[in-house]
Every structure is written in structure tokens, then in C-alpha cells.
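Colleague: Below, each chain spelled out in residue letters.
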Amino acid sequence: MIGFVLRRLVQLVPVVLIASIGVWAMLYAVPGGPIAGLVGENATQEQIAAVTAQYGLDRPVVVQYLDWLRRAAFGDLGISIYGREPVLDLIGQRLPATLHLAVSATVVALALGIPVGVASAIYPGSWIDRILSAWSALALGVPTFWLGILLILWFAVDLRWLPAVSGYVPIWEDPIASIRNLLLPAITLGVYVSGILARFLRASLVSELRADYVRTARAKGLPERQVVGIHIMRNALLPFITIVGLMMASFIGGAVVTEAVFTYPGLGRLLIQAIGTRDYPLIQGCIVVILVLYVAINLAVDVLYAYVDPRIDYG
Amino acid sequence: MKLAEETATTGPVLSVRGLKVEFSVSDRRVPVVRGIDFDVYPNEVLCIVGESGSGKSVTSLAVTGLLPETAQIEGSIRLGGMEVNGADRDVLRRMRGEDVGFVFQDPGTTLNPVLKVGRQITEGQVALSRLRRADAEARAVELLRDVDIADPEQRVRQYPHQFSGGMRQRAVIAMAIAGQPKLIIADEPTTALDVTVQAQVLTVLARRQAEMRAAVVLITHDLGVVAQVADRVAVMYGGRIVETGPVDAIFRSPRHPYTRALLRSIPRMDAGEARLDPIPGQPPMPYALPPGCAFEPRCAVGSGRPRCRTEDPTLSAVAALQQAACHYVDEALPPAKVHAMAKPKPTETTAPPLLEVEGLKVHFPIKSSVLRRTTGWVRAVDGVNISVRAGETLSLVGESGCGKTTIGRTVMGLVPASAGDIRFDGQSMVRLGRGEMRAARRRMQYIFQDPYSSLNPVLPAEDIVSEPLRIHGLYEEMGGARRVAELFDMVGLSRGMLGRYPSEFSGGQRQRIGIARALILEPRLLILDEPVAALDVSIQAQILNLLQDLQAELGLSYLFIAHNLSVVRHISDRVAVMYLGRIVEQGTRDELYDNPVHPYTQSLLSAAPDPDPAARHAGRRIVLEGEIPSPAAPPDGCVFHPRCFRASGRCSVEAPAFQPYSGLSTWTACHHAGPLDRKSATLAEVSR
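Sequences listed follow chains A and B, in order. To convert, take the position in the first sequence, counting from 1, and add 443; that gives the numbering used here. To convert, take the position in the second sequence, counting from 1, and add 3; that gives the numbering used here.
Chain A on its own, in the form it takes in the complex (with noise of 0.2 Å):
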């Protein structure tokens, strides 16, 4: 198991390579650069190049890049060209706010998809079911956004329940304040994809329930409750556990529109804002983090994986 990780991580050098490589030659294939909006309007043709050099963006593009790299390989992501700080700690302020909005939302998905997706299995055609046909569909039609909004005048201007604004709280510092900043961003991102899993985990479920060891489990004796509980649900959630663990990892980058609406201080904003003014360091420093999470919780559902279903033998 340990071989099994440690080959994995070794796998992660040339994807963060490829993908480094891929996003700077984009960054370089479109026009414009930072340096326009660092100078000002009126600036000269020479200011322009002074600025250029003092931040290295004359260089031949390799030569950046290779410069980056050879950094990069030492944990020097570079230095922000607006926000005149590490890249690193500008990750590192954002990085626990995503992983609070991320894991929050994932909680509100599982806990609204796994019964409406376990019940609509067991019980097809009910009113249930039929409510999970047209919930799920709604749930992924509604933009993020407006879900977002309405929230808020719901909750925040006219109950006045819950910050309209959602700050990062710690919740090991004030757990109660945490949530309340957390509920309404996890509620909409989790609402999005709750719809997602009932239907993957009611499809799961609606095949293992055809499977021979179901009838088996029946045949000896064992009540519903343990034939659904432990049989047919250590079986389907296999496949469910993949799909949870995709949609966790797209949280971490992909939850910019919900953290624009709530104002949330997470990773998806601070690329946005690092795109808008082409903050080359920046954008490299937020891909390469982001793509490393992804991985690290993709490689966190195979090892779960080698745990549900033992026929998995890394080795």
C-alpha cells in the first residue's frame, strides 16, 4: 500500500510538469501581459521596458519558464506581481477557506443525495423516485448563482439569520461562526451536485439490487434492513465513492462563481483575479496547487477503495 502511494506520487511529477508547461504557453499565446496594467495608461515606451526587465518578462520565454522550474522544484513559487507577496502565501491564506467551503459542500451533497438516492432505488416508481426525476434535473438546471442569491434574500436580508457576506472563520477557533459563514456557499454548491449522486448512487443501487448475492442474502433469512444496509450498499458504493471524490476535487478550483456570489475568500476567486490581471506567477502557482489537491484526494479515494472492496490489491 505504501509502494502503491509512493508510485503515485512519483506520477504526479510529470503531470505537474506537462500541465506547468501547458499553462505558460497559454498565458504567453494570448495577448497582453501584466506589465499594461502595472505602468498605467500614459506610460512611456521606456517605462514599459523598464518595468519589463526589473520583473524578467524580456527573458526568451524558455529562459522564464526554466527560471520558474528551477525555482518551483525548491518551493519558491515567486512573487506576486500585484499583490507584491510570496505566491505562496497568498495561496496559503485562501488554501483552509477552500478546503472548509469543500468539504462543507460535499457533507450538504451526501446528506441530501445519499437517502433521496438510496430510497428512489429501493422504492421505484414512488412519489420519491418521481420527485428525484424532477428535483435532480432542477437541482443541476438552477445556476449556481441565482440559487446564491436567492439564499441570501432569503436567509440574510430578510430573516437576517446568516451573514450575507461569507468571511473564512477557522472552525477549530470558533466553530459556531464557521458554519454560519459556511451554510448558505456549502448549501449552493451542494445542492448543485446532491442531484448528481442521488441519481449516480440510485442507478448503483438499482443494479446491485438485480445481483445474485441479493437473493442469496434473502434466501438465508437476513432482514431488508441488512440486505440493503450491508450487502447491497458496501457494493454500490464503490462506483459512488469515485464520483464523490471527482466532485470534492472540483470544489477546490471550480467553485468560483458560488465564492463570487457569498464574496468567500477561496482558491477559485484569488485565480480569477490572477487571470484578470495576467499575474503570471500567480495563475502557475494556483494551477500547480490545484492540480496537486486533485490528485492527492483522487489518490486518497483509491487507497479508500483498497479498504471497501478487497479484491483491490495494490500491492
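It is worth saying that the hints were derived from the structure and are not from the lab. The reader is advised that the hints may include incorrect statements.
Said to hold, decoys possible - Cβ-to-Cβ under 10 Å is the rule here; a few derived chain A residues that face chain B:
| # | residue |
| --- | --- |
| 1 | Asp655 |
| 2 | Tyr656 |
| 3 | Gly664 |
| 4 | Arg677 |
| 5 | Asn678 |
| 6 | Asp752 |
What the hints assert, rightly or not - To give an idea of the chain A side of the interface with chain B (calculated C-beta under 7 Å), a few residues:
| # | residue |
| --- | --- |
| 7 | Ala662 |
| 8 | Lys663 |
| 9 | Leu665 |
| 10 | His674 |
| 11 | Pro753 |
| 12 | Arg754 |
Values in this document were obtained by computation on a predicted structure and should not be read as measured data. Quick reminder that beta carbons are idealized off the backbone N, C-alpha and C, glycines included.
Chain A is fixed; fit chain B onto it per the hints.
Modeller: Showing chain B alone in chain A's frame:
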């Protein structure tokens, strides 16, 4: 019969009266079981025999309330004196755990893959509070030991994938007997297993059943198994019992035309000469039953008779303890039609071989999961020589994993050979380029086992059959649509079905499409990989006869791959027996069946259940220990020695050469080859 005095006093364990089961399928009611009565007494084995759609499995599920809610059940089912039909869910659940044990068909899917075997064996008893959780593991160990699983203390904590097929089925038997049930229901318990493993499993089941004096309902399509284990037999057809009686009576003097025709249609190990007499047509679908007797359209006695067409006969006594449902039980079946063709035909021993395989090895690399390094080799085929002459049938026989299918696929060029040579019509096939290989393959075609998955479901039959012509660019040249229609005639399909899709054909018809597809390029060699294994018993004979006719008519050579020894005896000129990638014995059909000299061949032949109840006590069966080793780690010396009843010290170090056996034309690879001495002490020791 055998326990008349006991049955009189104790009464039946299971008593079924007027059982009807209907399924609602899109507002239509489909009758699957149409009024059946039967009883099973303690310590008695009742075999329910039938083909697909006869209602036999549905009956077994109905008697324990395991059918889905879409099923409507009528009639009375009394199990241990209690009425099952209409019983409360919890009452049924308790009854299943306490009174009934189940053994299902496929041990690969009946166990839950993610739960430990030991837990699965006892959890039913724990859930019903008949066993304390703390004692569960010890009880599971005991049960596994009862079904002959070695090292049960370790095995209880393992998962099903760590068990072999035969061990899984024995674990399922352990589960079935965990509650000391009064009734064991076994639904095709050995259909998915190899013959030598089937013998082990049936032995274990019979021993445990006798100890508990349990009643057994064994559902099967295999008349050989029936003859070996049944006390009484019920033959089902079209949702009804058409004949029932003691096993000897059913096999000696069957009275219903279906039973008689069925027994006549199966190939037998003891008589390979006669041509099979198939039952025409196919079993009826439950939603399209004929109005009168369900068997009437296929019946040699009653087909076309007005009474049979309108009136469904009831089951009535034809002898003591024997009943049949037929209006004309006393009429004899017309004699088997005399056919021009019959095996054996003279084999042209002088003809040069069409296919020659020399020193063939096929090794597959085992890759480690992550870095794709080769960590070992699976020796699927490990040095095989065979040849097939023009117009001849050579059969490759062996159990799963012996490499017989790999040989067929390698000859076709679907799998690359690791070493050795394959010559077709004098031309070496192993180092041909893609284009040359394609051209050469035109003369050899492959027929697959499963006619359900080997035909593309979205193409009409016409396109499926003509596809090889288009691939080889010969569509116009070889006659196009006219040629396709001719082939339909040749394989016995009506031209009106040309435009239909595979789902509209029955299994036997689909296999005919597969045969037509193989024949359209005018091949000289057909590789037939278990061509009848997936078909109903009454359909197998039709296809085997068709294959024989086509061989005679077109002068085809067959490489016939199969595990069913009766089928092989019926169709072959010569037979090669494979074990773990090697041929252990090869000879003419009659020599090999009458005078087998290799211990593995002898075990295989003795394990194959003979469809004759008299053979049950005639000779002791050789029940092989253990299972086939993995071809990734074959044993040293002779690969068969760990399971062999004749093995000596020499066998574990020195691999025997494949050489002629004196006095016969047989070749064999064994240090101790020789005829089987049925009275020998060695044999008695290995028999149970």
C-alpha cells in the same frame, strides 16, 4: 420408494398443490407456472428437469416466497406444515433461515464479493438469533470443514475472490446447511462447474444431506446429474409437470413423448454410433403457449391431432408411482428416422493434414499494476502438437483453464503464438503480415460459444451473415444476396427471417446464424468453440446434426473445442485431452473412450455423469482431489501429479514425454500410463 415406511409416518417436508405463478409484464399476464403438484419427503432427492422457460427455477423461488412482487402466486405451498403462500414477510424470512437452504447456480455471483466468507455463511443464523455472534466464526469453521475445505480457520476470514469456483460452491453449501434445514433447494448447482469439480460438489452435497436427512429439490437440465442423484424426477415443460416418477422408471420406461424424445436426443458416452434424434422446433415461450398441450407442436405422437391441439392433458397415473400428462401415453414413439449420414465415417488416414500445429506455446505476460513490468508468465498453452486432416473432426477436451480455447484463438491468429508453428494447407501462419493473414483466414472460420453475445444486436441477420463477404471484398463475386439466402437454406433458417434482428431469434436459431456466417466464405476448417454449450438440451441435438450434415456435404474439417464428453464422443474422429496447457492423451475416439490410459482421462470419463441410473452403483467414481492449478505456476514434473491417484516420486520431478502407447494408436504423456484397474487398492483410497 426407498423410505416408504418413513414417509408414511412423517409426511412430506414440502407439499405443493395447484401452484400457479404469473408475471405481469406491461399489462399482460404471462403464466410461467401453470398448476403443478408435488411432494418432497425427508431424505429424498427430487430432481426437477426442464429446459429454459419450463418454469423450474420460478417454482423453486415461489415455494420460499423469494419471487419479486410482480409475481402473482396461486395455490397452496406447505413447508413443514406451514402455508407459505400469503404468509407474512417476517414469517417467511424466519422460515427461509430455519427450514430451507439454498444452493444457486453460479458460485461466482451468489456470494457477496466484499464480505468475508465466514460471515456470509453464518449471518443468516445470527440475524435470526439462532447463533450468538461470538460463536459465529467457530461455527463457520466447522461448516467449512464439513464441506471439505482445507484450512478452514484461515479460509473463514477470506473473501470469495480468494476461493476457486468449486470452493465457492462448497462454501455456498456450507451456508445452505448452516441452519440444519429440512429442505435444500439446489438450482443448477453444478452447471457452472467443471466435471471433476462437479463430482466433488455433488459428493459433498449428498453426504451432508444424508446426515441431516434433509429433503432436496434439485433443479437441473442435465440428465446425467439426474440419473446420478435423484430418487424421484419431475419433468417440466411449458410451466407444467408433464411426467413424474421414480428415477429408474423415468429412465427405463418414460411415458410422456417429451421425456422419451429428450432421452433419445442426448448424446451418450456409451453409444457414439447412432445419429441423434432431435426434438424439432424449440421450447415455447411462456407468453406464446399453444392452446392445447404445450408440447403438441413438437410432439412425434400428437402433433396435429385435434385433441392435443385443443385440450391440455392432466397428469394421471400410468404405473405405480409414475404419472404422465399425455392423451396418448400408450402409443409408442415412431422409430427414429433413418438418416443417410452416420458416424463413424471412414477417415481418410492418407489425406495430408489440413491444419498442423507443432510445438505451440502461448504465454501471456503478467503485468504489475502500476509500472507495467512483466512479473511472470501464464503458460496457457505449453508445447502442443495437433493435426486435423481434411474432412476430419479433432476434438480438444479439457476443463476450464486448460488452454483449449487459446489454441483455437491462436490458430485463427487472434492471439499471437509465443513459439512453435501453425501450418494451414502447408503454409505457415505464424509469421504472416496482416494482409496475408486476412487472406489466409478466409479458409478457416470460428464459431463461438455464446450465440447471444457473438451476434451484433443492431444488425439484421442478413447483414451479419454477409459481413465476411464485404470484409473480404467478395460480396458481388460470391453471389451477394443470393448466396446469403442459400446459406439460410443450408443451415435450416427460413428466408423470411433474413431481415430480422438477433433478438427475434431463439438460441438455436442464433447459433445457426453464427454457422451461416462462418460458412459464407467457403472455409475448409471450422474452429468450433463450445458451439452447443449455451443451448437447451433439445436444441443441442439439432445443431450437432446440422454440423455433421454440413461436414459431410462440404468436406469440412472441424477443430471442436468442448468440455462435454458425451458431445465430444458423438461428433469426433479423434480426441485430444488437455490439462494445464498440455495434451496428456490423444487417440481415436473409440480407443480413447474405451481404453483410456492416462489417469486424468480416466478421471474425466469416470466423473462425467452418465444418463443412466443403473450406472450409479456400477463402478466407483474417481473423485479428484483439489482443483486445476494456476497456469501461471504449474507444478514441477508432471503437471497433473498433485491430483493424480497414480503419482510416484518420479512424477514430481520428471515431466513425462508425449509418446505412443504400445498396443494402441494412442499417444500419452504419463510415467504410469495403463488401463484402469477398477478393483485396485489405489483407486479405492481416492474414491469416497
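Colleague: Each hint needs a verdict: does it hold in this structure or not?
Modeller: Each hint tested on the structure:
A distance limit of 10 Å between C-beta atoms decides the matter here; for Asp655 of chain A the minimum to chain B is near 4 Å, and the interface restraint holds. The beta carbon of Tyr656 of chain A is positioned within 10 Å of a beta carbon in chain B (closest approach about 4 Å), and the interface hint is therefore held. The beta carbon of Gly664 of chain A comes within 2 Å of a beta carbon in chain B, closer than 10 Å, and the hint placing it at the interface holds. Against a cut-off of 10 Å between C-beta atoms, the interface hint on Arg677 of chain A holds, since the closest Cβ of chain B lies about 5 Å away.
Contact between Asn678 of chain A and chain B, as hinted, is supported at the beta carbon level, the nearest pair being about 6 Å apart and thus within 10 Å. For Asp752 of chain A, the shortest C-beta to C-beta distance to chain B is roughly 6 Å, which falls under 10 Å, so the interface hint holds. Residue-level restraint check for Ala662 of chain A holds (minimum Cβ-Cβ distance to chain B is 4 Å; threshold 7 Å). At a threshold of 7 Å, the smallest CB-CB gap from Lys663 of chain A to chain B is about 3 Å, leaving the interface hint in force.
Hint status for Leu665 of chain A relative to chain B: holds, with the closest Cβ pair at about 5 Å, below 7 Å. This hint holds: His674 of chain A has a C-beta 5 Å from the nearest C-beta of chain B, less than the 7 Å allowed. Of the supplied interface hints, the one on Pro753 of chain A holds, with its beta-carbon coming within about 4 Å of a beta-carbon of chain B, less than 7 Å. For Arg754 of chain A, the shortest C-beta to C-beta distance to chain B is roughly 5 Å, which falls under 7 Å, so the interface hint holds.
Hint compliance for this structure: no hint is broken.
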